[in-house]
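Generate coordinates for the entire structure from the input sequences, incorporating the hints supplied.
Chains as they are written, first to last, in full-length UniProt numbering: chain A, 1 to 230; chain B, 1 to 230.
Misleading hints may appear alongside valid ones.
Since the list gives no way to pick out one identical chain from another, each pair is judged satisfied if it fits inside one copy or across any two copies.
[Unchecked claim] Using 25 Å as the maximum straight-line C-alpha spacing, the simulated DMTMM-like pairs for lysine to aspartate or glutamate come out as follows:
id: 1; residue 1: K16; residue 2: E64
id: 2; residue 1: K230; residue 2: E154
id: 3; residue 1: K16; residue 2: E74
id: 4; residue 1: K153; residue 2: E226
id: 5; residue 1: K202; residue 2: E64
id: 6; residue 1: K90; residue 2: E74
id: 7; residue 1: K4; residue 2: E94
id: 8; residue 1: K230; residue 2: D164
id: 9; residue 1: K77; residue 2: E14
It should be emphasised that the hints constitute simulated quantities derived from the structure, not laboratory data.
2 protein chains.
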Amino acid sequence: PPGKKVLIVYAHQEPKSLNGALKRIAVEELSKQGCSVTVSDLYAMQFEPRATRNDIVGSLHNPEEFNYGAEMWEAYKRGSLSSDVIEEQKKVQEADLLIFQFPLYWFSMPAIMKGWMDRVLVQGFAHEFPNCYDSGLLKNKLALFSFTTGGTKEMYAKGSISGDIRYLLWPMQHGIMHFCGVQVLAPHICFAPEYVSEEERKEMLIAWAERLKTLWKENPINCSPEWYFK
Amino acid sequence: PPGKKVLIVYAHQEPKSLNGALKRIAVEELSKQGCSVTVSDLYAMQFEPRATRNDIVGSLHNPEEFNYGAEMWEAYKRGSLSSDVIEEQKKVQEADLLIFQFPLYWFSMPAIMKGWMDRVLVQGFAHEFPNCYDSGLLKNKLALFSFTTGGTKEMYAKGSISGDIRYLLWPMQHGIMHFCGVQVLAPHICFAPEYVSEEERKEMLIAWAERLKTLWKENPINCSPEWYFK
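Encoded structure:
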């Protein structure tokens with residue numbers, strides 16, 4: 001609806017890919033609804049995935065023994081995180097909805113997107129004990145994981161060799177988003193686009209556009225072990 | 001035992017950390033046994049985690065639409081992967097055992113290590129349909145995930161808020177290692193070292209050294225959904 005803010009964190013190297021098309025459709029459809037949409041195009045930004053001392057500007061809290069998490073927490077409080085991290089945090093802070101658009105790499109997100117999680121969701125900003133899970137600091141936001149797979153839907157069925165696709169969503173949806181207090185909408189999965197016809201790929205794009213039309217009426221999933229493993 | 005080759009893929013920024021100590025202990029103990037030990041110290045190497053066109057030397061198979069997985073497969077067959085990827089593949093090829101040593105970041109490995117998986121375990125080298133899972137191309141190798149956590153053991157118990165620690169091992173152990181045919185030894189987990197006494201941290205190091213003494217007699221886990229979710 002008008003006024004809602006959306007951040008799309010996008011990780012694909014090729015604009016002509018299905019992921020690229022899914023991203024563009026989300027920008028178009030949500031903009032049409034009156035939402036304000038921002039895209040972090042991680043490869044185009046050459047986003048840094050490595051968690052290093054360079055993420056802290058100026059001197060360290062404990063230069064004798066570098067502890068990334070502790071230093072980032074301190075740097076957040078002093079306002080001395082590196083500018084690229086601060087930029088992403090501003091986008092997250094403003095957003096009502098985070099959409100992560102990526103091809104599944106090894107049962108997870110590509111490293112460049114994992115690096116976004118590692119570097120941006122700093123203690124103090126996204127969580128701060130006891131403010132985690134339902135009371136995480138990013139509560140009142142929504143997240144949606146939208147991704148393509150190499151394997152077919154059949155391979156990711158319960159009892160199949162790759163296991164229920166929900167098994168691999170646990171670290172991303174529960175371990176990251178729910179930990180930060182973010183409520184999670186059902187994932188949007190395009191299975192094996194490389195092995196289907198051009199016609200079926202078009203249907204995948206249409207299905208995503210259709211879902212986006214009523215996205216704001218959806219209820220979050222119940223992000224508990226039952227949803228993933230029952 | 002003498003003659004066995006071990007590759008330790010290590011991802012911590014600080015040599016004085018517990019992860020650094022665990023890595024050194026593995027090098028010492030396994031060398032003492034007569035093993036040949038190689039370490040890929042990812043942060044020290046400034047290992048590139050991003051999966052990009054730079055990983056392919058020379059021209060692309062399909063420059064019109066960049067498909068990372070397809071291009072890497074082709075480049076592997078032609079011998080035109082980038083030199084840093086080839087170096088890591090050589091180390092993997094020679095190894096009998098892969099040890100991954102890292103601090104758990106967001107229910108998974110740090111992005112720099114995820115990038116190692118994304119870029120090194122190329123189709124054609126590590127798997128090639130139908131050679132996946134039990135017939136993956138890296139069969140006859142072993143892997144062990146050794147990591148530290150922020151959360152306590154109680155938080156990662158079944159029924160606790162963070163869920164059974166095994167839930168988050170599924171993508172790493174099954175989705176990556178088992179997919180490539182690698183057999184997985186039980187993980188080695190040091191829970192919440194930042195919140196225990198210096199004495200207890202020393203005990204953690206001793207326990208790891210002790211385990212390594214009889215590591216080669218261990219049987220792999222049964223890497224099926226039952227192990228993770230039963």
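Now for the hints, and whether the structure bears them out:
no.: 1; hint: K16 x E64; verdict: between (47 Å within a copy, 9 Å between copies)
no.: 2; hint: K230 x E154; verdict: both (18 Å within a copy, 22 Å between copies)
no.: 3; hint: K16 x E74; verdict: between (41 Å within a copy, 20 Å between copies)
no.: 4; hint: K153 x E226; verdict: both (21 Å within a copy, 21 Å between copies)
no.: 5; hint: K202 x E64; verdict: between (56 Å within a copy, 19 Å between copies)
no.: 6; hint: K90 x E74; verdict: within (18 Å within a copy, 40 Å between copies)
no.: 7; hint: K4 x E94; verdict: within (10 Å within a copy, 54 Å between copies)
no.: 8; hint: K230 x D164; verdict: both (10 Å within a copy, 14 Å between copies)
no.: 9; hint: K77 x E14; verdict: between (37 Å within a copy, 22 Å between copies)
The structure shown violates none of the earlier numbered hints.
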